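Asker: These protein sequences, in sequence, are chains A and B. Going by my numbering, 21 is the number at position 30 of the first sequence; the sequence numbering is gapless. Offset between the second sequence (1-based) and my numbering: plus 538.
What the hints contain is simulated information worked out from the structure, not anything from laboratory work. Hints should not be assumed to be uniformly reliable.
Stated by the list, open to error - Derived, one-sided and incomplete: chain B residues facing chain A with beta-carbon distance under 7 angstroms: (1) Thr574; (2) Val824; (3) Val831; (4) Ser834; (5) Leu836.
What the hints assert, rightly or not - Cut-off 27 angstroms, straight-line C-alpha distance, at most; resulting in silico cross-link-like pairs (DSSO-like, lysine-lysine): (6) A:Lys16 / B:Lys701; (7) A:Lys163 / B:Lys584; (8) A:Lys16 / B:Lys716.
Quick caveat: nothing in here was measured; it's all calculated off a predicted structure. All residues carry an ideal CB built from backbone N, CA and C; glycine is no exception.
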Amino acid sequence: MRRWLVIIVTFLAGVYFFAEFFLPKHIVLGGTDFMWSRYDSRILDIVRVMFVPAMLLGIINILRVHGFMVLRRRKGWVNSLALLVAMFVTMISGFWGYFGENEAAASFFQQFLFRGMMNNLGSAMFSLLAFYIVSAAYRSFRVQNFEAGLMMAAALMVMLGQIPLGFFISEKIPVLRNWILTRISTPAFRGINFGALIAGLAMAVRMWLSLERGSARAGGR
Amino acid sequence: MAKADRSSWLLRIDRRFVYLFVLLALMIPFLFPGLTTKPAPLPSAKKLFDKVERIARERDEAVAEGRPYNKVVLLSFDFGPQTRAELYPMAEAMIRHLMMRKIKFAVMTHVPDGAGYCEDIPNQLAREFDDIDYGRDYVNFGYKVGRTFLIKQMGEDMAGALKTDVKGTPYKDIKCLKGVQDAGDVALMTEITGLVGFAEMWIQFFASARARPDIGHGCTSVSIPDAFDMLESKLIIGLLEGIAGAAAYNEFIEEIRSEDQPPTSPKARVHMTGQTVAHLLLVLFVLLGNVGVIMSALRRRKVAGS
């Protein structure tokens, strides 16, 4: 029964959006003016409401996985504890600032947690990429054959064309970089995108008709 | 006993030395801000700049002719601390330009990390300008859930989709959005993100029966090839290509800035110089590695021949 409910709801939701996209906005039938977009606001509200239990599931999952690690003192439990503490401090200060209309709590959240910690820690983590990329490029960009040489020449040209120095060495470097991007890279990207979108379309149709193994069938168990 | 291959060190530079050189290269522009390089005048950034100038001209013409002008610019800051170094100066440059030209705008984000930037960037810049007020000149909608559903509904009914701003003010009470009903009332929408698929969401779904607004895009350097696809097919009218795009945009602003207006931030130029030096270092290391490969191959051939 549950499986059929999932199949029917999925199909009807698909029909609504499919019809809304292809049919005229207003359909007049026997004096009744049916407008497709009149339900959009309600659908958006449903989507918003559905996000809440999804977030709740995420919190429960984090509590289960990392709470277990802390309680059993498993390897790396200190990291799990740090995660749980950070999650609760952020949650409490957010709720306190919002519901209590407390300026100090809101400021603590914005100043210390967001600007002071999250901003800097997130940026620091991502900046490690710069170090790894240079090291990885040095190790892997070795011209072993013609194709590798071609790829390296194109990469160096795009890189030089992107930075101002390339422009000041010769105005032709950015032109060459644009040529590589627009005449070689873009068509290749389009080809990949076409393939991916056709596959996505096929997948969407399978999901819509509940032919996909993971979507509706799991719901019946 | 065979003589040691003197070129082999080029193939085996310790990664800790590589890291040290990268650190030094990135620190140079921060330690010596006077050593920053002038950005290249990127045509893709100029297109976006010219569009904002066109909006200001259209507004001025409408006001001069006594016609109402209710259009706004919409900006979506879908980035977090990870890509802040490239995208924050970009968002700052665009908002500075809008404030300079007194064009009304709204900011929002689809990612929770972006909410802080929606708050910080316009508020900090508004303090630099004397006559820019929250609500009258700009509004912040903060983090909004729904992505494609939200954008689709915004296209037809902005008030119904966005409901309230970040302070809880109902849409109908926000002064700068008076008369802004759907996507047809948005003069320009600009998506600033390093995430793939976000600009496409606006292109696909942000339209009303009346019109589809022009869409601009600011992306990280790594997603430029993807964004060029949209620029080439004219799905977006302009593109800020990574930090170089932000620095170029600031240069365009400097060209039109009057004496009484605050100067642009040097942040974009400093970050761009750091990136430039790091790119040059990368090129240098790649070349060193390949010189090592060639010298080793020559030596092997010589040994085999003897």
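Asker: Give a verdict on every hint.
Answerer: Structure-based check of all given hints:
1. Thr574: Violated: closest Cβ of chain A sits about 10 angstroms from Thr574 of chain B, beyond 7 angstroms.
2. Val824: holds (5 angstroms)
3. Val831: Holds, because the Cβ-Cβ distance from Val831 of chain B to chain A comes to roughly 5 angstroms (cut-off 7 angstroms).
4. Ser834: violated (10 angstroms)
5. Leu836: With Cβ-Cβ at 14 angstroms, over 7 angstroms, it is violated.
6. A:Lys16 / B:Lys701: Satisfied, since the Cα-Cα distance of roughly 23 angstroms is no more than 27 angstroms.
7. A:Lys163 / B:Lys584: Distance ~19 angstroms between Lys163 of chain A and Lys584 of chain B Cα, so the pair holds.
8. A:Lys16 / B:Lys716: holds (25 angstroms)
Checked against the numbered hints above, the structure breaks hints 1, 4 and 5 and satisfies the rest.
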